[in-house]
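Trainee: Here's the letter readout for the chains.
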Amino acid sequence: VNVLLLTSLGFERQVERLRLFLEDAGNAVTVSSRPPAAADLRAAGIDLVVCHQHGTIIPAEVIAAVSGWVVNLHPSLLPHCRGLHPTLWSLATRAPLGVSLHFIDATIDTGPLIAQAPVTLDLAHVTLRAAHQALQAAVEDLFIAAWPSHAQWQSLAFAQQGSGTYFGKKAYARLKAAITTWDMPVAEFIRRVEAGPEAQGL
Amino acid sequence: MPPTLEALLKALHPSLDLASDTPLHAQAGFDSLAIIGLVTRLEEAFGITVFPEDLIPENFESLATLRALVRRNGGDGGPEGA
Chain W
6 VNVLLLTSLG FERQVERLRL FLEDAGNAVT VSSRPPAAAD LRAAGIDLVV
56 CHQHGTIIPA EVIAAVSGWV VNLHPSLLPH CRGLHPTLWS LATRAPLGVS
106 LHFIDATIDT GPLIAQAPVT LDLAHVTLRA AHQALQAAVE DLFIAAWPSH
156 AQWQSLAFAQ QGSGTYFGKK AYARLKAAIT TWDMPVAEFI RRVEAGPEAQ
206 GL
Chain P
3 MPPTLEALLK ALHPSLDLAS DTPLHAQAGF DSLAIIGLVT RLEEAFGITV
53 FPEDLIPENF ESLATLRALV RRNGGDGGPE GA
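Those protein sequences? They're chains W and P, same order as listed. With the numbering used here applied, the first sequence covers 6 to 207. With the numbering used here applied, the second sequence covers 3 to 84.
Calculated from the structure, these hints are not laboratory results. Where hints are given, some of them may not hold.
A few chain W residues facing chain P, derived, Cβ under 10 Å [to be verified]:
#, residue
1, Q19
2, A33
3, S37
4, Q58
Derived Cβ-Cβ restraints for the label pairs, each shown as a range [unchecked claim]:
#, chain 1, residue 1, chain 2, residue 2, range
5, P, E60, W, D127, 17 to 25 Å
6, W, L161, P, S17, 28 to 36 Å
7, P, S17, W, P190, 37 to 45 Å
8, W, A192, P, S17, 40 to 48 Å
9, P, T67, W, S154, 24 to 32 Å
10, W, S154, P, E60, 31 to 39 Å
11, P, T67, W, L161, 26 to 34 Å
12, P, T67, W, E28, 30 to 38 Å
13, W, I149, P, A47, 34 to 42 Å
14, P, F53, W, G167, 23 to 31 Å
15, P, T24, W, D52, 49 to 57 Å
16, P, A47, W, R134, 19 to 27 Å
Even glycine gets a Cβ: it sits at the ideal position worked out from N, Cα and C.
So that you can see chain P by itself, here it is in the shape it has in the complex (with noise of 0.2 Å):
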């Protein structure tokens, strides 16, 4: 069984704050290298390939874009508010 996105989200980057305004891909250390780190493993947990049409910052500004993202390619991005 896939981890949730958020517990993936956390074991990855345990800095990000999930729960601020300031969208993930603005936020401090997550920078170019943990964002591609961030899809290798999106792309493991959940089965799903990730387009370059993907890499936009409006898929990588919050738990709720990364999970419509996961879902949008396939894969279970885990339950609302999880």
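Looking at chain W on its own, in the form it has when it is part of the complex (with noise of 0.2 Å):
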């Protein structure tokens, strides 16, 4: 398979470990921080698009350039926490944690999903740091558990239950005031969030 891993600028390394895997595998894989174009995937033959912490929205010509084969790392149980900064607001809003991987359809975090695991964190005793780190390596856990099916998965993938819950820009200042560095206990961020603007000196 000739994939396209697409990150964000800044952040190759942190999809080191899915590229070894799927070179490994025997996979031609390409990283690029630059939304991709439907031209150049077609001229660059590439079969699948995986997105692992890339922020923008993929075209649906693109998405159609390769017969829909573009696929997220999603860290949060969808249909909950859609958007931006979904471990985030899964703590914030004491939502089930968990991770998912979904085909990417017109609309965001909302495609057929592939695949979704739970994950178990002792919020009482991890950071920020440690619970961003622990959900970023359980979807990356359940994308290589995912790969030997990879062929089937189009044929495989079910329909998100529910509206969930989508989170985007504006929402992200509450989160933004209650951390005051990713090194703070889990808990007292969600104190923070709950505690609201006024109780932050806001």
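Work from the hints to combine the two standalone chains into their complex.
Mentor: This is the structure in structure tokens:
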């Protein structure tokens, strides 16, 4: 399989595990942080686009250029916490923690699911940084576990159930104000989010 | 008063050639860790939030594209040419 591993500028090192896994499995892998154009995908003969820590919306013509084979690693239990900063929102809203591998469709994080897994964290003793790392590792584990059946992903995929929740840019101010350091305990982060901006001196 | 964008870049990465035709993100030493470090400093210095969709090469081409990024996110990128 000719894979484009799409990430964000600065995050190239954080997709190394997936790149090495895919290459070891005999696939050709290109890592890029540049939003792809449909013509470029066709010219490069890309079969599958894998989005991992990538932030731009994939246009419909790009999805069509690879016959729908664009998947996303999302560190929440979809449809909970679609959109930006899913790890932080999962913690802040006390949503069930987990990870999802799904197809990308025309709207944000709503595409059919390929696989999901719950994640258990001891929120009384874990920091924001550790929670983020644990969920990123878990979503990579999920992708690797699902890879052997990749040829059947489109036939196996199933619709997300329920409307879930979505958090965009505007909502992020609430979270940002609650974060004093990425090494703060998750319990303290949740307490500050729930206390609201007034309690944070804003 | 926040530093100018140029001063911040020079302080963080003295070897960057801001006048070069080579994009900043492609210059030697300006690797992925350096980019994440720069983003953190931009957020601190200019009181902005850089969202995941901003982390694309086009925004890290030159002083001008970085200034535009800071301004788009509500910060003062400093005067043109500074």
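Trainee: Indicate, hint by hint, whether the structure satisfies it.
Mentor: Tested hints:
{"no.": "1", "hint": "Q19", "result": "8 Å, holds"}
{"no.": "2", "hint": "A33", "result": "22 Å, violated"}
{"no.": "3", "hint": "S37", "result": "9 Å, holds"}
{"no.": "4", "hint": "Q58", "result": "7 Å, holds"}
{"no.": "5", "hint": "P:E60 <-> W:D127: 17 to 25 Å", "result": "41 Å, violated"}
{"no.": "6", "hint": "W:L161 <-> P:S17: 28 to 36 Å", "result": "50 Å, violated"}
{"no.": "7", "hint": "P:S17 <-> W:P190: 37 to 45 Å", "result": "39 Å, holds"}
{"no.": "8", "hint": "W:A192 <-> P:S17: 40 to 48 Å", "result": "43 Å, holds"}
{"no.": "9", "hint": "P:T67 <-> W:S154: 24 to 32 Å", "result": "42 Å, violated"}
{"no.": "10", "hint": "W:S154 <-> P:E60: 31 to 39 Å", "result": "36 Å, holds"}
{"no.": "11", "hint": "P:T67 <-> W:L161: 26 to 34 Å", "result": "42 Å, violated"}
{"no.": "12", "hint": "P:T67 <-> W:E28: 30 to 38 Å", "result": "32 Å, holds"}
{"no.": "13", "hint": "W:I149 <-> P:A47: 34 to 42 Å", "result": "39 Å, holds"}
{"no.": "14", "hint": "P:F53 <-> W:G167: 23 to 31 Å", "result": "26 Å, holds"}
{"no.": "15", "hint": "P:T24 <-> W:D52: 49 to 57 Å", "result": "32 Å, violated"}
{"no.": "16", "hint": "P:A47 <-> W:R134: 19 to 27 Å", "result": "22 Å, holds"}
Hints 2, 5, 6, 9, 11 and 15 from the earlier list are contradicted by this structure; the remaining hints agree with it.
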